[in-house]
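Student: Protein chains in written order, with my numbering: chain A, -17 to 417; chain B, 1161 to 1606.
Calculated directly from the structure, the hints in this document are not laboratory data.
Any given hint might turn out to be false.
[To be verified] Straight-line distance between alpha carbons at most 16 Å, and here's what the computed EDC-like set of lysine to aspartate or glutamate pairs gives:
(1) B:Lys1305 <-> A:Glu131
(2) A:Lys123 <-> B:Asp1473
(3) B:Lys1467 <-> A:Glu278
(4) A:Lys123 <-> A:Asp164
(5) B:Lys1467 <-> B:Asp1513
(6) B:Lys1467 <-> B:Glu1507
(7) B:Lys1305 <-> A:Glu278
(8) B:Lys1305 <-> B:Asp1358
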Amino acid sequence: MRRILLAVLLLCAAVSAEAAPKIERIKTPLGLEVWFVREPAIPMLALQATWRGGSSSDPLGQEGLAQLATGLLTEGAGDLSDDDYQTALQEAAIAVDFSTERDYTTVTLRTLSQHRNRAFELLKLALTAPRFDDEPVQRIKAQARVAYERSRASPNALAGERFAQLAYGDHPYGRRSSASADSLERIDRAAMAGFTRDLLARSNLVIGAVGDIAPDDLARLVDASFGALPAQAKVALPAQVTPKTAAQPVVIPFPNPQSIVIFGAPGIAREDPDWYAATVLNQVLGGGGMASRLFEEVREKRGLVYSVGTQLSPYKAASLLSGSLATSNAQVGDALRLVRAELLRVARDGITDTELASAKSFMTGSFPLRLSSNAAIAGMLVAIQNTGLPPDYIDAYPGLINGVTQADIRRVAQRLFARDDYLVVVVGQPAGLGG
Amino acid sequence: MRNRLIAVLSAAVLWLAGAPGDSRAQVFNPTQFMLGNGMQVVLIEDHRAPVVHHMVWYRVGAADEAPGVSGVAHYLEHLMFKGTPSVPPGEFSKIVSREGGRDNAFTSSDYTGYFQTIARDRLELVMRMEAERMSQLNPRAADAKPELQVVMEERLSRTDNNPGALFGEQLDAAQYLSHPYGRPVIGWPAEIQRLTLDDAMTFYRTHYAPNNAILIVAGDVRPAELKALAEKYYGMIPMRPVPPRFRPQEPNQLAARRLSMTDGRVTQPSMRRTYLAPSRSAGEKQHAVPLAVLAEILNAPTGRLHKALVRGDGPAVSAGAWYSSLSLDPGTFGFSASPKRGRKLEEVEAALDRVIADLLSDGIGDDEMRRARTGMQAETVFARDGLSGAARIFGVALTTGLTVEDVEAWPRLVDAVTRDQVLAAARYVFDLRRSVTGYLLPKEQS
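Whole structure, please, built from the sequences with the hints as guidance.
Tutor: As structure tokens, this is what we get:
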């Protein structure tokens, strides 16, 4: 047993993110920038683009506007009705999908090389000439209405919603990102058309693409579709906010045999010099799946949960540290006490040298695994730009992680975990939470 | 739902049935060979990144369990992380992680699989560890007991906390009169609670042998290199007799079944209809590929199902069809739908019945056939983008009675399907006597 473990440790230093994809920065004739990786192995193209601005730009009382409006962009545009547009996608096996989160709105496009001209034509229509016809608007609103009713019976949705309300209060992050029964009444065609016109611009746009295409051809297609967008976005972006904490857990009674628990506290900004140390620490504590301390203590040793973990979420207007677990109602108090003890222990004692080395080895060694498909690489190209990092970030990453020292870890552990006032939301019929 | 996957941490997406591009071309062009002890090996080379996806699949799943010990296949999957002579309990995933890799496992009715994704120069390490737990698993009772609690918590998360999942179990149980596909993969609660380490180890010794396993590797490794490593680690495990996969088969189903379940946690009603359906390996196999085409046709966003149920003045907010051509014994062709507010489930069901009746009387249009083929052929190109998808397709196919050649033939088979064959398949399958229709309802307002 010891022999293999030792061999494993000795090998660690050799793990590295070798053979990073070669990123080209393309300037199109119309002045748009595209980060591009040429990948000739498969006759396809994957493109991702984001616009800064998402559900946190929904006007008060119109929660869900961004989601509904962007969802309707592929339900009729230009000369094409909703049915015509969807059929045109299907005829050429093209996927154009919009999605919206708090800070960003994203479109992903996937096409076979042979249909790429058609794909960019359809994308252009969705971006510049959405119709918001009555039939699809009513259909999508009816779906949103039922989704809202369903979410009233989803413990995870209830927990997430209450957590956001308590953590962010009146700030837009405290509001729903999907529609409610009330907000649906206030979202009409004019609101959706206005929102997408204000959001989908060139000033807040970032593009990444991977596939079997020459850079000049890509530039031409990008100009033909995105080039028609207005220069300047006009959406409101929320101010900075610090997540609130709480002295006592908040319980939402729900008739399930197992409780859902989420907890959180202020986290760390993506631009913070200690960001990389915080990610290494989180990896050891609760971000490392089956290799994390919380997994070991709460699941492996005691069998209290199926899943438990923590994460760092550097939103644009707030930095959050959060965690979650699910356990039988009778065990909630025990599981939560164990988790709290582990968080305090890491603040007090830090992590061992072995844990530090293992986490670094995982993070640097697993980085290439995230780049194993064209779509995944396109997503990475966009994320790097949105974080304000340079194209050589993929090459620089191992150095940034390996540069983290025990002193960095101790500092950031103090900063993040020397507290016991986590905001805790429990949905279920928990026992053992005390007074 | 035939392929009910249970993963240790996350269930991966299954490429349902379909695949690749030009109908003359091969899809994945894999290399295959057999080790001396009868272990099958498949390699899908992909040299785009210095990474490998390493999987071992066993031809055994929950439908191979004896009556009364439902869940033992899945419990064993969890115990496979609990120690071998050189890897202490709980260390397997830590070692993989420390080496920059990710690992997990999954259980379904027909198969059980274990995998790691890792840098290519770590392939030997994970092969050594995976081979060791194929033949020398040795969990301690002290670790097995809390792991059973973990499985119970997993069941609560996946099923008991979720009225839709609970209802799905009831529907599956009603669909199968005799075949063990009627049992949940994770097991019935009372039977899980009674499982012992001995039950799991008996199952292990009976079914986990190299001649009952398939090694599937996708990624940056050459055939000669893989062959040498496979012989070195898996090839030295002796072959053992493994019982044939004999499962109780369905009798003639003569009576349409209807179920309804109310649950206070449900806010929105929904319905599900399943029909017993052949697969590429079982039953009236000639209908399997046409049924896959039919599912593609029915699921089109502007296809006849959505036009009648969801779009325009249709009674539903959502509707879908599903079918997998890959299962060892006959599976199901299914539909699900939820009504708009103020519309009734009965109205949704009537609309679904009209869609099926029209299909059976009028058949399929040329446009529908063309679009379905286009989509399915494109999927076979997209399936080559990413390591795990291709490996998983071969794993499912080879553990459900198909061959590598059967997988590679997919685009040709899809291309050859005619309108008449789709109609014949629909007429064969959509027989209410072999169906289950279920309503999931909120508690009556009092």
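Student: If a hint holds in the structure, say so; if it doesn't, say that too.
Tutor: Going through the hints against the structure:
1. Of the supplied pair hints, the one linking B:Lys1305 and A:Glu131 is violated, its CA atoms being roughly 40 Å apart against a limit of 16 Å.
2. This hinted pair checks out: A:Lys123 and B:Asp1473 have alpha carbons roughly 13 Å apart, not beyond 16 Å.
3. Proximity of B:Lys1467 to A:Glu278 is assessed by CA-CA distance (about 51 Å); at most 16 Å being required, the pair is judged violated.
4. Proposed proximity of A:Lys123 and A:Asp164 is supported: the alpha carbons are some 12 Å apart, at most 16 Å.
5. For a cut-off of 16 Å, the pair hint linking B:Lys1467 to B:Asp1513 stands: about 14 Å separates their Cα positions.
6. A distance of roughly 15 Å separates the Cα atoms of B:Lys1467 and B:Glu1507; the hinted pair therefore holds under the 16 Å criterion.
7. Restraint check for B:Lys1305 and A:Glu278: the C-alpha separation of about 15 Å stays at or below 16 Å, so the hint holds.
8. Simply put, B:Lys1305 and B:Asp1358 have alpha-carbon atoms about 12 Å apart, close enough for the 16 Å limit, and the pair holds.
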